[in-house]
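Enquirer: One-letter residues, chain by chain:
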Amino acid sequence: MWVYEKKLQYPVKVGKCDMRMAKYLYTQYGGPDGELGAAIRYLNQRYTMPTNEAKGLLTDIGTEELAHVEMICTMIYQLTKDATPQQMEEAGLGTNYAIRANALFPADPNGVPWTASYIQAHSDPVTDLTENMAAEQKARAAYENLISMTDDHGMRDALKFLREREVVHFQRFGEALRIVQEYQAAKKIF
Amino acid sequence: MKEDNNANNAGVGNVYPCIYPIPFMPQYVALANAYVPYQQHAKSFLLCEALKKGTLFPELYQPYEVKIGGGRHNE
Ligand SMILES: [Fe+2]
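Protein chains in written order, with this note's numbering: chain F, 75 to 264; chain D, 310 to 384.
So that you can see chain D by itself, here it is in the shape it has in the complex (with noise of 0.2 Å):
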């Protein structure tokens, strides 16, 4: 993915529009603080296949592999 800044988040209307745009990470990180990736530039599924999987972003599509024995009939 890339760390481009300027994509989004305009923040029109908010209360400090000074902070935005939100960068991909933090620039400077603190402990004990918790940090999830910003989303920048999203690619998107077709709408229809977007439906089906349960996400438009193909990068926020993350889908579960049962696990051997999963399933009552596989035991």
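Bound-form chain F, shown alone (with noise of 0.2 Å):
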């Protein structure tokens, strides 16, 4: 079960002098290491995690990845959401235009869909957490290139947030993962 707020996690005011930017925060939308992405597969992944704390951590990491969906979603509508069809063409979503005009879609920055292959699921807790390790370090140097991208201050700052958060989450699988190497060695034992 989920409560939803209707606000932000960190509130996001970006200018609108660089819409191409647009384009680029496709990729933490639906594109391979995006926020979407995140979500899907650590809410799917919950399931299988032998301890409390691992089942606990997903369903909130995964969930805050949701959150995250919401802020570059609403960077992306407050930079597009008046924009012209010419405008949309200079800033390189001509092609989004003429599918679906100014309509945001889970997709990465080239229009390619988001899809689950890429995530994966295993059931063995080493394997999964290492793999969520990988994906939060993705992330993480995706937030850069996308913080390098742009001197848009409202831009740059909320972008800061989000890596800020992915940097947090690596340590939180981390430390999941040295509970459950600690579980299995225990269980070696007893």
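Derived by calculation from the structure, the hints in this document are not laboratory data. Do not take every clue at face value.
Below, in silico cross-link-like pairs of lysine-lysine (BS3-like), each with a Cα-Cα straight-line distance of 25 Å or less [what the hints assert, rightly or not]: (1) D:Lys362 x F:Lys81; (2) F:Lys97 x D:Lys376; (3) D:Lys361 x D:Lys376; (4) D:Lys362 x F:Lys80; (5) F:Lys212 x D:Lys361; (6) D:Lys362 x F:Lys87; (7) F:Lys87 x D:Lys352; (8) F:Lys90 x D:Lys352; (9) F:Lys212 x D:Lys376; (10) D:Lys361 x F:Lys81; (11) D:Lys361 x F:Lys80; (12) F:Lys212 x D:Lys362; (13) F:Lys87 x D:Lys376.
In silico negatives: residues of chain F with every beta carbon more than 10 Å from chain D [what the hints assert, rightly or not]: (14) Asp134; (15) Pro159; (16) Phe179; (17) Tyr192; (18) Asp198; (19) Gln255.
Residues on chain F that point at chain D, a partial pick, calculated with CB under 7 Å [to be verified]: (20) Glu138; (21) Glu218; (22) Ser222; (23) Asp226; (24) Arg239; (25) Val242; (26) Gln245; (27) Gly248; (28) Glu249; (29) Arg252; (30) Tyr257; (31) Ala260; (32) Lys262; (33) Ile263.
From the three backbone atoms N, C-alpha and C, an ideal C-beta is built for every residue, glycine too.
Make the complex out of the two chains shown on their own, each in a separate frame, by following the hints.
Expert: This is the structure:
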């Protein structure tokens, strides 16, 4: 069960002048290391985790990733909501306009739709947690790419927040892995 | 960071409570395993500052410094 709060996890205010970023932000919406993939990956993996901490952590972080999807979508929407077809074209979103006007879509910057092939699940908790740690590093790196591509203060501010969350998530998955390692060692003894 | 092993992780309700507390680093390490230090005592930022920074914990705050030439207008 979920409880929805009608506000963003972190306030987002992006300037209109950097519209080309709308296209690039799509990597964190429906791209291979994006927030949607993260959310689905964790919420799907949690069932087969052996410890309560790992189950709870995947639920918590998976939920937070949904809040990040919402932030990224809000940024894209703020940039594109009033854009004319010509402005969309200039921002590299002409194909988006042809297919769906100013609507958003879970795809990467090239318009390639999000796919579950970006994620995996093994039921082996070491394997799954290691995938998740890698996923957090990839998302952190993607945010650094995005931060380097814009000078817009509001955009950078939100991207820096999201990047820091990836650092924290890596730490928490690492701690979950430590618990699982101890758990598996204890299981061998008792 | 201090290595106090008694601070947290009571492990209440867990299947193997004997594994707690988890030490900062494992006592015995094995090849082909990855280990992340387990966070112990946490100092914290003020809440308003924590929201701005993206973490409550100073030891986890690792901001990105944009490379020189980063940002499209600085090229
Ligand atoms: Fe994350």
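Enquirer: Are the hints correct? Go through all of them and say.
Expert: Hint by hint, here is what the structure shows:
no. : hint                : verdict
1   : D:Lys362 x F:Lys81  : holds (18 Å)
2   : F:Lys97 x D:Lys376  : holds (22 Å)
3   : D:Lys361 x D:Lys376 : holds (22 Å)
4   : D:Lys362 x F:Lys80  : holds (22 Å)
5   : F:Lys212 x D:Lys361 : holds (22 Å)
6   : D:Lys362 x F:Lys87  : holds (16 Å)
7   : F:Lys87 x D:Lys352  : violated (30 Å)
8   : F:Lys90 x D:Lys352  : violated (38 Å)
9   : F:Lys212 x D:Lys376 : holds (18 Å)
10  : D:Lys361 x F:Lys81  : holds (16 Å)
11  : D:Lys361 x F:Lys80  : holds (19 Å)
12  : F:Lys212 x D:Lys362 : holds (20 Å)
13  : F:Lys87 x D:Lys376  : holds (24 Å)
14  : Asp134              : holds (14 Å)
15  : Pro159              : holds (24 Å)
16  : Phe179              : holds (25 Å)
17  : Tyr192              : holds (22 Å)
18  : Asp198              : holds (14 Å)
19  : Gln255              : violated (7 Å)
20  : Glu138              : violated (11 Å)
21  : Glu218              : holds (5 Å)
22  : Ser222              : holds (4 Å)
23  : Asp226              : violated (10 Å)
24  : Arg239              : holds (5 Å)
25  : Val242              : holds (5 Å)
26  : Gln245              : holds (6 Å)
27  : Gly248              : holds (2 Å)
28  : Glu249              : holds (5 Å)
29  : Arg252              : holds (5 Å)
30  : Tyr257              : holds (5 Å)
31  : Ala260              : holds (5 Å)
32  : Lys262              : violated (11 Å)
33  : Ile263              : violated (9 Å)
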